[in-house]
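2 protein chains.
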Amino acid sequence: MNVHMSNEVDALRLSETAAVAFADAVAFDSHGLVPVVAQQHDSGEVLMLAWMNREALIATLTGGRVTYWSRSRQAMWRKGDTSGHIQELVEARVDCDGDTLLLLIRQTGAACHTGARSCFYRRAGEAGPEPL
Amino acid sequence: MNVHMSNEVDALRLSETAAVAFADAVAFDSHGLVPVVAQQHDSGEVLMLAWMNREALIATLTGGRVTYWSRSRQAMWRKGDTSGHIQELVEARVDCDGDTLLLLIRQTGAACHTGARSCFYRRAGEAGPEPL
Numbered sequence: 001m002n003v004h005m006s007n008e009v010d011a012l013r014l015s016e017t018a019a020v021a022f023a024d025a026v027a028f029d030s031h032g033l034v035p036v037v038a039q040q041h042d043s044g045e046v047l048m049l050a051w052m053n054r055e056a057l058i059a060t061l062t063g064g065r066v067t068y069w070s071r072s073r074q075a076m077w078r079k080g081d082t083s084g085h086i087q088e089l090v091e092a093r094v095d096c097d098g099d100t101l102l103l104l105i106r107q108t109g110a111a112c113h114t115g116a117r118s119c120f121y122r123r124a125g126e127a128g129p130e131p132l
Numbered sequence: 133m134n135v136h137m138s139n140e141v142d143a144l145r146l147s148e149t150a151a152v153a154f155a156d157a158v159a160f161d162s163h164g165l166v167p168v169v170a171q172q173h174d175s176g177e178v179l180m181l182a183w184m185n186r187e188a189l190i191a192t193l194t195g196g197r198v199t200y201w202s203r204s205r206q207a208m209w210r211k212g213d214t215s216g217h218i219q220e221l222v223e224a225r226v227d228c229d230g231d232t233l234l235l236l237i238r239q240t241g242a243a244c245h246t247g248a249r250s251c252f253y254r255r256a257g258e259a260g261p262e263p264l
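The listed protein sequences correspond, in order, to chains A and B.
Numbering (our numbering) for the first sequence: 1 to 132.
Numbering (our numbering) for the second sequence: 133 to 264.
Bear in mind the hints are in silico, worked out from the structure with no lab data behind them.
Errors might be hidden in some of the hints.
Per the computed footprint, the stretches of chain A lying under chain B, defined by three or more beta-carbons under 8 Å from a beta-carbon of chain B, are [to be verified]:
hint: 1; stretch: 26–40
hint: 2; stretch: 74–83
For the chain B half of the interface with chain A, some residues (derived, Cβ under 10 Å), not all of them [to be verified]:
hint: 3; residue: Gly-212
hint: 4; residue: Ser-215
hint: 5; residue: Gly-216
hint: 6; residue: Ile-218
hint: 7; residue: Thr-232
Glycine included, C-beta positions come from ideal geometry on N, C-alpha and C.
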């Protein structure tokens with residue numbers, strides 16, 4: 001089922017069966033986690049990297065809202081529930097080895113807890129890390 | 133120092149001092165590793181995720197050629213030395229927490245060992261993972 005998003009892009013929502021079939025193709029690590037790259041679907045900007053367990057992945061695929069596993073809090077974390085900076089799922093990809101996910105998303109507001117649009121706002125320069 | 137690349141984009145090469153200063157801002161995990169997202173600098177395509185230790189990061193920043201740490205082989209792995217599918221460094225970014233890197237690169241040929249341009253060539257569909 002696709003639901004309409006405000007910028008004319010459909011959010012992806014899969015059935016439980018389809019979500020489980022996709023999760024079965026993922027090689028979770030020894031902690032039961034997989035790294036997830038979130039990329040803004042239209043601009044191609046890489047916004048953040050976070051982690052999912054199997055439950056978070058299935059919740060994301062069936063709910064259309066990106067849900068991570070917080071390693072620091074050891075809890076499910078549906079992005080934006082506190083900040084309002086939600087991530088709507090557009091497409092979910094898995095890599096050749098099954099051990100990394102790439103999500104194309106629609107980011108509302110800032111992806112980064114610092115308020116920056118992307119978590120990757122520093123680059124390597126001759127004086128060390130510098131603002132972009 | 134910037135070196136000229138064939139598609140008119142300069143490759144980034146930092147001094148050893150600058151590379152060390154950048155590496156000092158990186159929070160390597162308990163295995164001494166950090167996940168690295170490789171993105172084609174001009175198209176924005178996310179090509180792969182791999183891992184670096186401190187030595188691989190410094191070699192990448194000073195050498196202009198992307199070098200990873202292979203967890204399966206437990207060895208340094210300068211991308212393209214065997215396949216010819218090299219990655220030239222354009223920009224290196226670090227995220228807010230210092231625990232993920234994003235590299236803008238110039239990919240020659242396929243990033244994926246399967247021969248695919250990107251490792252992310254499958255997406256979630258109603259029948260499970262399907263080709264893009």
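For which of the previously enumerated hints does the structure constitute a violation, in increasing order of number? Numbers 2, 3, 4, 5 and 6, in rising order.
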